[in-house]
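Protein chains: 2
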Amino acid sequence: MLDWEHIFATRATRMRASEIRELLKLLDRPEIISFAGGIPDPALFPKEVFAAAYTRVLTGPAAGTALQYAVSEGNLALRTWLAGYMASLGVACDASNIIITSGSQQALDYIGKLFLSPGDTALVNWPTYLGALQAFNAYEPRYDRLIPLGNRPAEDFATAARDAGGAVKFAYASADFANPTGETLDRATREKILDLADTLDIAVIEDAAYQSLRYDGEAIPPMLALDIARKGHINDTRVLYCGSFSKTLSPGLRVGWICAAAPVISKIVLLKQAADLNTSTINQMVLADVAETYFDTQVATIKAAYRARRDAMLKALDTHLPAGCSWSKPDGGMFVWVTVPEGLDGATLLARSLETVKVAFVPGKAFFADGSGGNTLRLSFSCANEAQIEEGISRLGKLLTEAIAGL
Amino acid sequence: MLDWEHIFATRATRMRASEIRELLKLLDRPEIISFAGGIPDPALFPKEVFAAAYTRVLTGPAAGTALQYAVSEGNLALRTWLAGYMASLGVACDASNIIITSGSQQALDYIGKLFLSPGDTALVNWPTYLGALQAFNAYEPRYDRLIPLGNRPAEDFATAARDAGGAVKFAYASADFANPTGETLDRATREKILDLADTLDIAVIEDAAYQSLRYDGEAIPPMLALDIARKGHINDTRVLYCGSFSKTLSPGLRVGWICAAAPVISKIVLLKQAADLNTSTINQMVLADVAETYFDTQVATIKAAYRARRDAMLKALDTHLPAGCSWSKPDGGMFVWVTVPEGLDGATLLARSLETVKVAFVPGKAFFADGSGGNTLRLSFSCANEAQIEEGISRLGKLLTEAIAGL
Numbered sequence: 005m006l007d008w009e010h011i012f013a014t015r016a017t018r019m020r021a022s023e024i025r026e027l028l029k030l031l032d033r034p035e036i037i038s039f040a041g042g043i044p045d046p047a048l049f050p051k052e053v054f055a056a057a058y059t060r061v062l063t064g065p066a067a068g069t070a071l072q073y074a075v076s077e078g079n080l081a082l083r084t085w086l087a088g089y090m091a092s093l094g095v096a097c098d099a100s101n102i103i104i105t106s107g108s109q110q111a112l113d114y115i116g117k118l119f120l121s122p123g124d125t126a127l128v129n130w131p132t133y134l135g136a137l138q139a140f141n142a143y144e145p146r147y148d149r150l151i152p153l154g155n156r157p158a159e160d161f162a163t164a165a166r167d168a169g170g171a172v173k174f175a176y177a178s179a180d181f182a183n184p185t186g187e188t189l190d191r192a193t194r195e196k197i198l199d200l201a202d203t204l205d206i207a208v209i210e211d212a213a214y215q216s217l218r219y220d221g222e223a224i225p226p227m228l229a230l231d232i233a234r235k236g237h238i239n240d241t242r243v244l245y246c247g248s249f250s251k252t253l254s255p256g257l258r259v260g261w262i263c264a265a266a267p268v269i270s271k272i273v274l275l276k277q278a279a280d281l282n283t284s285t286i287n288q289m290v291l292a293d294v295a296e297t298y299f300d301t302q303v304a305t306i307k308a309a310y311r312a313r314r315d316a317m318l319k320a321l322d323t324h325l326p327a328g329c330s331w332s333k334p335d336g337g338m339f340v341w342v343t344v345p346e347g348l349d350g351a352t353l354l355a356r357s358l359e360t361v362k363v364a365f366v367p368g369k370a371f372f373a374d375g376s377g378g379n380t381l382r383l384s385f386s387c388a389n390e391a392q393i394e395e396g397i398s399r400l401g402k403l404l405t406e407a408i409a410g411l
Numbered sequence: 005m006l007d008w009e010h011i012f013a014t015r016a017t018r019m020r021a022s023e024i025r026e027l028l029k030l031l032d033r034p035e036i037i038s039f040a041g042g043i044p045d046p047a048l049f050p051k052e053v054f055a056a057a058y059t060r061v062l063t064g065p066a067a068g069t070a071l072q073y074a075v076s077e078g079n080l081a082l083r084t085w086l087a088g089y090m091a092s093l094g095v096a097c098d099a100s101n102i103i104i105t106s107g108s109q110q111a112l113d114y115i116g117k118l119f120l121s122p123g124d125t126a127l128v129n130w131p132t133y134l135g136a137l138q139a140f141n142a143y144e145p146r147y148d149r150l151i152p153l154g155n156r157p158a159e160d161f162a163t164a165a166r167d168a169g170g171a172v173k174f175a176y177a178s179a180d181f182a183n184p185t186g187e188t189l190d191r192a193t194r195e196k197i198l199d200l201a202d203t204l205d206i207a208v209i210e211d212a213a214y215q216s217l218r219y220d221g222e223a224i225p226p227m228l229a230l231d232i233a234r235k236g237h238i239n240d241t242r243v244l245y246c247g248s249f250s251k252t253l254s255p256g257l258r259v260g261w262i263c264a265a266a267p268v269i270s271k272i273v274l275l276k277q278a279a280d281l282n283t284s285t286i287n288q289m290v291l292a293d294v295a296e297t298y299f300d301t302q303v304a305t306i307k308a309a310y311r312a313r314r315d316a317m318l319k320a321l322d323t324h325l326p327a328g329c330s331w332s333k334p335d336g337g338m339f340v341w342v343t344v345p346e347g348l349d350g351a352t353l354l355a356r357s358l359e360t361v362k363v364a365f366v367p368g369k370a371f372f373a374d375g376s377g378g379n380t381l382r383l384s385f386s387c388a389n390e391a392q393i394e395e396g397i398s399r400l401g402k403l404l405t406e407a408i409a410g411l
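Chains as they are written, first to last, in our numbering: chain A, 5 to 411; chain B, 5 to 411.
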C-alpha cells in the first residue's frame with residue numbers, strides 16, 4: 005500500500021474516530037440496554053406524515069423542481085417558515101438571515117471553515133459537544149475554556165490566543181439542555197458571554213440543537229435574541245444560531261439552519277456553494293410542508309415521551325446510584341451527566357459494563373478539549389422506555405457500587 | 005454593522021460568488037434561450053419512479069431507519085450496488101472502497117480538505133471545472149497546469165511547488181466529456197497522468213460526473229481502472245474516482261460517491277463524520293432502490309435525448325457561427341466549448357447577448373485558474389430542445405458576426 009500520510013494535509017492528523025459514532029454500532033445488539041447514542045427514538049418519527057409529504061411533492065407541479073439543483077441559501081418557503089419560528093423565540097428576522105444546512109453538524113463545519121485559521125482560538129465549555137470539537141479540529145484551532153466566566157479578565161483570553169499564534173475567533177456554547185451535560189445556561193451567563201464577545205470583538209456560536217425539548221420551567225431567550233436587544237437589529241449582532249430538525253422531526257433528512265446577521269449568511273452561502281451546492285432539494289421541500297402542518301404536534305408528542313423518560317431516569321438514579329456519584333437534573337433535552345468518584349475511569353467502566361451488566365453509555369472524557377473528565381459518563385434517556393431505564397440504571401448502580409468498593 | 009472581515013479566517017478572502025450559480029437565476033426568465041446552466045433537463049427526471057420509491061421506503065419496515073441518523077460511510081445496499089457498477093467500468097472493488105457523499109461537489113470539498121495545506125499545489129487543466137477550483141480554494145492551494153503533458157519534466161512540478169512553500173498533492177482531471185470543454189482524455193493521456201503521479205508520489209482525482217453520458221465511440225477505461233492494472237489491486241492505487249447520480253437520476257437528492265483505496269476511504273469517513281455525520285439516510289435508501297430497478301433504463305432515455313440535442317447544436321454551430329470561431333466536438337456530456345477570436349471577451353458578449361438576442365451562456369474565463377481564456381464560451385445543450393438550439397445558435401451567430409466585424 006501507498007504511504008498516504010505524507011500526501012495528506014497537516015489537518016488530517018487531527019481526524020480521529022468518534023467514540024460515539026463507533027458506539028452506534030452497538031445499538032443493534034438486542035441484549036444491550038443503551039443509554040449511549042444521543043439520537044431520537046425512531047418509534048416517535050411521524051412516518052405517515054412524511055410519506056404523505058413526499059407523495060404530495062413528487063406528484064405535484066413542483067416535482068421537477070424537487071429533483072433538480074437549487075440555490076445554495078436554501079428553499080424560500082422553508083426559510084420563511086423558519087423566520088417565523090425564530091420570531092416566536094424572540095428573534096426578529098427574515099429569510100435573508102437564514103441559510104439551510106445539511107443538519108446543524110454541517111453548520112458547525114462551515115463555521116469552523118469561515119472563522120478558524122490554524123492556531124486561532126475557539127472558546128468552548130469543559131465539557132462540550134464532541135461533534136463541535138471534531139468539526140472545528142479540521143481547521144486546526146487551539147481551545148480555551150469559556151465557563152466558568154467571571155474572574156478571568158477578557159484581555160487574558162486575547163493575550164493567550166496571541167501568544168499561541170492566532171486570535172480568539174468565537175465562543176461556542178449550547179445554551180439549552182446541552183450535549184453532553186443536559187445543563188442550561190441561565191440568563192446571566194448568556195449575558196456574560198455576550199459581554200465577553202463584545203469586549204473581544206468575536207462571534208458567538210449558539211448551538212440550539214435541543215432548544216425545542218424543554219420539559220420544565222420557563223424558556224430563556226436565545227443569546228441571539230439577547231444580542232438583538234443590545235444592538236437593535238439582527239444584522240448588527242454577532243451571534244450565529246445553529247438550529248436543527250434532527251431532534252424534532254427527523255435526522256434522516258439532514259436539514260438544519262443558521263440564523264445570523266445577513267452579511268455572515270451571505271458569506272456562508274458562498275462557502276456552501278463551493279462545498280456541496282445545496283442541501284437536498286426534495287428534503288427541504290418536504291420539511292417546509294411537514295413543519296408548516298405538523299411541527300407543533302410532533303414537538304408536543306415527543307416532549308411528553310421524553311419527559312417521562314427523563315423522570316424515570318432521575319428517579320432510578322436516586323434509587324440505585326451509590327454515594328459518591330452525582331448527576332445533572334436537566335430541564336430538557338436527552339442527557340443526564342454523571343460524575344463518579346475520582347479514580348474511576350469512564351472507558352474502563354464501559355468495557356466492564358458491556359461485558360457484565362450489558363448497559364451502554366458514553367465515557368465523558370471525549371467531551372473535554374483538554375482530555376480531563378475521566379470520571380464522567382453521559383447517559384441518554386431518549387431511546388429507552390421507562391422499564392428499560394429502571395432496569396438499566398439498576399444494573400449500572402450495581403456496577404458502580406462494585407467499582408467504588410474496589411477503589 | 006460589525007466589521008466581520010478581521011474575524012473571518014484567511015481562507016474566506018478566496019470565497020467569491022460563482023458566475024454560474026448567479027446565472028441560474030436567469031433561467032426563470034421565459035424570453036431567454038439558455039445554454040448556461042450545466043444541469044439536467046427536469047422534464048427527463050423519473051418522477052413517478054421516485055414517488056413510488058419514497059412511498060415504498062416510508063411505508064415499509066425500514067421507515068424508522070430511513071428517518072434516523074446513519075453511518076458516515078453510507079448505506080450498505082447502495083455501496084454494494086455501486087461496487088457492482090464500478091466493476092462494470094473495469095474497477096474491481098467492494099463496499100469498503102466506496103463512501104457516499106452529498107453529491108460529487110462534496111467529494112471535491114472533502115478531497116481538498118484531506119490533501120491541501122495552505123500553499124500546497126493542485127495540478128488542474130486550463131480550463132477546468134469551476135466548482136473544483138471553488139471547492140479547493142477554501143484550502144488555499146496554488147495551481148499548476150496539468151495538460152498538455154510531455155515536455156515538462158516531473159521534477160519541475162515538484163520544484164515549483166516547493167519554491168511556493170508546499171508540495172504537489174494531486175492532479176485533478178475530468179476524464180470524460182469534461183465540464184466545461186466537453187472533451188475526453190484519450191487513453192495515452194490518462195496513462196501519462198498516472199506516470200506523472202507515480203513519479204511525484206501524489207494522488208489523482210478523477211471527476212466522473214458525466215461518465216455515463218457517452219453518445220459516440222468506445223468507452224475508455226477510467227484512470228482508476230488503469231491504475232488497478234498497474235498496481236494489481238484497488239487498495240494499492242492512488243486514484244480517487246468521484247461519481248454522481250446528479251447527471252443521471254437526480255441532483256435534488258444530493259447523492260454521489262468516491263471510489264478509492266480502502267485506507268483513503270476510511271480517512272474520508274472520519275472527515276465526513278465530523279463535517280455532516282451522513283448523507284440523507286432516506287435519499288440513500290431511495291437511490292439504492294431506484295438504481296437497482298431503473299438506472300439502465302434512465303441512462304438509455306437521457307442519452308437518446310441529449311445525443312439529439314448535441315447533434316442539433318453541432319449542426320447549428322456549423323451553419324451559423326462566423327469564420328474565426330471554433331468549438332469542441334464532444335462524444336458525450338452536456339457541453340460544447342467555443343473559442344472566439346482574440347480581442348472578444350466572453351463576459352462582454354454575455355451582457356450584450358442577454359440585452360439584444362436573449363441567449364445565455366457562460367463566459368469561459370472563470371474556468372481558468374490563471375484568469376486567461378477571456379475569448380471562450382461554454383454552451384450547454386442539456387436543457388434546450390432542438391428548435392430552441394437552432395434558434396438560439398442562430399441568434400448567437402448574428403451576435404458574434406457583429407462583434408467580429410466591430411473588432
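Some hints here could point you the wrong way.
So these bits of chain A aren't anywhere near chain B, every CB distance computed over 12 Å [to be verified]:
#1 Leu253
#2 Thr283
#3 Glu359
#4 Ile408
Here's a subset of chain A near chain B, in silico, CB distances under 7 Å, partners left out [stated by the list, open to error]:
#5 Arg60
#6 Thr63
#7 Pro65
#8 Tyr73
#9 Ser106
Partner residues are not named here, just some residues of chain B that face chain A (Cβ under 7 Å, in silico) [unchecked claim]:
#10 Ile11
#11 Val53
#12 Arg60
#13 Gly236
#14 Asp240
#15 Pro255
#16 Gly256
#17 Asp280
It should be emphasised that the hints constitute simulated quantities derived from the structure, not laboratory data.
For clarity, every value in this text was computed on a predicted model and none was experimentally measured.
Note that beta-carbon positions come from the ideal geometry of N, C-alpha and C, so glycine has one too.
- Do the numbers back the hint for Ser106(A), that is, is its least Cβ distance to chain B under 7 Å? Holds - the Cβ of Ser106(A) comes within 7 Å of chain B, reaching about 5 Å at its closest.
- Task: Hold the hint about Gly256(B) up to the distance rule: shortest CB distance to chain A must be less than 7 Å.
- Result: With Cβ-Cβ at 4 Å, under 7 Å, it holds.
- Item | Restraint satisfaction for Pro65(A) [CB to CB of chain B, less than 7 Å] | 11 Å, violated
- Query: Minimum Cβ distance from Arg60(A) to chain B below 7 Å?
  - Reply: Violated - the Cβ of Arg60(A) stays beyond 7 Å from chain B, reaching only about 10 Å at its closest.
- Task: Hold the hint about Pro255(B) up to the distance rule: shortest CB distance to chain A must be less than 7 Å.
- Result: Where the cut-off is 7 Å and the nearest Cβ of chain A is about 5 Å from Pro255(B), the hint holds.
- Message: Holds or violated: the hint that Asp280(B) contacts chain A, with Cβ atoms closer than 7 Å.
- Response: Nearest chain A Cβ about 4 Å off; hint holds.
- May I ask you to test the interface hint for Thr63(A) with respect to chain B, counting a Cβ-Cβ separation under 7 Å as satisfied? This interface hint holds because 6 Å falls under the 7 Å limit.
- Hold the hint about Tyr73(A) up to the distance rule: shortest CB distance to chain B must be less than 7 Å. 5 Å, holds
- Message: Min Cβ distance, Gly236(B) to chain A: is it shorter than 7 Å?
- Response: 11 Å, violated
- Task: Double-check Val53(B) for me: the hint is only fine if its C-beta lies closer than 7 Å to a C-beta in chain A.
- Result: 10 Å, violated
- Task: Evaluate the condition: distance from the CB of Leu253(A) to the nearest CB of chain B exceeds 12 Å.
- Result: Non-interface label fails for Leu253(A): nearest chain B Cβ at 8 Å, not farther than 12 Å.
- Item | Given hint Arg60(B) near chain A, where the shortest CB pair must fall under 7 Å | 10 Å, violated
When each numbered hint is compared with the structure, violations occur for hints 1, 2, 5, 7, 11, 12, 13.
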